[in-house]
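K.L.:
Residue-level listing of the chains:
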Amino acid sequence: MTTLTDKDKAIVKALWGKISKSADAIGADALGRMLTVYPQTKTYFSHWPDLSPGSGPVKAHGKKVMSGVALAVSKIDDITSGLLELSELHAFKLRVDPANFKILSHCILVVIANLYPKDFNPESHASLDKFLASLSLALSDKYR
Amino acid sequence: MVEWTDFERATIQDIFSKMDYEAVGPAALSRCLVVYPWTQRYFGNFGNLYNAAAIIDNPMVAKHGITILHGLDRALKNMDNIKETYAELSVLHSEKLHVDPDNFRLLADCLTIVVAARWGKAFTGDVQAAFQKFLTVVVFSLGRQYH
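Protein chains in written order, with the working numbering: chain A, 1 to 144; chain B, 1 to 147.
Since the hints were made in silico from the structure, they are not lab data. A few of these clues could be false.
Claimed, not checked - Straight-line Cα separation of at most 27 Å, DSS-like style, residue types lysine-lysine; simulated pairs: (1) LYS130/A <-> LYS13/A; (2) LYS121/B <-> LYS42/A; (3) LYS121/B <-> LYS18/A; (4) LYS75/A <-> LYS64/A; (5) LYS59/A <-> LYS121/B; (6) LYS13/A <-> LYS121/B; (7) LYS93/A <-> LYS7/A; (8) LYS121/B <-> LYS21/A; (9) LYS118/A <-> LYS121/B; (10) LYS133/B <-> LYS102/A; (11) LYS42/A <-> LYS63/A; (12) LYS77/B <-> LYS118/A; (13) LYS121/B <-> LYS64/A; (14) LYS75/A <-> LYS59/A; (15) LYS63/B <-> LYS118/A; (16) LYS63/A <-> LYS121/B; (17) LYS42/A <-> LYS133/B; (18) LYS9/A <-> LYS63/A; (19) LYS130/A <-> LYS133/B; (20) LYS142/A <-> LYS130/A; (21) LYS102/A <-> LYS63/B; (22) LYS63/B <-> LYS77/B; (23) LYS133/B <-> LYS59/A; (24) LYS102/A <-> LYS42/A.
Claimed, not checked - Here are some chain B residues the structure puts well away from chain A; computed CB gaps all over 12 Å: (25) GLU22; (26) ASN51; (27) VAL137.
As the list claims (entries may be wrong) - Partner residues are not named here, just some residues of chain B that face chain A (Cβ under 8 Å, in silico): (28) ARG31; (29) VAL34; (30) TYR50; (31) ALA52; (32) ILE56; (33) MET60; (34) ASP109; (35) THR112; (36) ILE113; (37) ALA116; (38) ALA117; (39) ARG118; (40) GLY120.
The beta-carbon is built from N, C-alpha and C at its ideal position, and this holds for glycine as well.
Produce the entire structure from the sequences given, and follow the hints as far as they go.
P.N.:
Here is the structure:
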C-alpha cells in the first residue's frame, strides 16, 4: 500500500513546491481542525494552556508537524530511514496511537483541498494520500 | 438517537442548500475511485475506468455520483431518525450490492474534501466537524443492517 512510484514522488515534490511557503499556516489549520473534528485527540495535549484553533500552542505545534512533513519530502526515497529519529520519539516518548496519524493526515488533506482546490485534483490527492500513509508508517516503525 | 446542536442542524442544512449536486456528486465519486482504486470493484459494468482521466470523464460515474449525493437528502429530511431512514438502503448495500461498509467511510472522506475545496474560508473547523458528524451517522446507518 505504501510503495511510492516515481510518478507519486514527482507529484508530491511538485505539490510541496507550491504549498511549502504556507506550511506553517497549513499545519496550524490542520491541527486546529483535528482537535475540533476529533475531540479525542485533545487527550494528547492536556498539558497545553490553550487548545483552541489559532492559539499559540496549536500554531507552534502545527509548524513542528509540517517540518516533519518537509523532512519526509526531502527523504522521499527512503522515508523510513529518513524519519528514524522522529519514529523513536513517537514510539518511546510520545506514544501516539497510530490511528491518529490517519486522522491528522485527513485534516492536512482537507486544508490543502481548501487552500489549493485547483492543484489538489484526484491524482494529486491519491499521491499525497499515499505519501502521508508512508510517513505515518515510518513514524510508527519503531513502536514494536 | 443522535443529538444535534442548533449550529449543527443549521450548518448541515446550509451546506446542502448550497450544494451543486451535478458537480459535487461526480467529483466525490470519481475522486474516491481514483484515490482508493479498490472501490472500482463495485463498478465492473461502468465501462472505462482505466485511468484517472477516464474515471473523471465517465458518464456512468457522474450519473451515479449524483444519485449517491441525492441519497443524502433522506438524512437531511430525517435528522432525528437517520438510522431507520437508511435501514432499507443498508439491506440493499449488504445483501444485493455486497459493498464493504468501510467504503462508505472512504467516500464520505472524499465528499468532505470536495466540499472543502469548493467552500474556501467558510469551511471552518466547526463547519467541518458538523458535516463529518452528519456523514459519520449516515455511514453508520448504512452499515447497520449488515449481518
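K.L.:
Enumerate the violated hints, using their earlier numbering and listing them in ascending order.
P.N.:
7, 12, 21, 26, 30, 33
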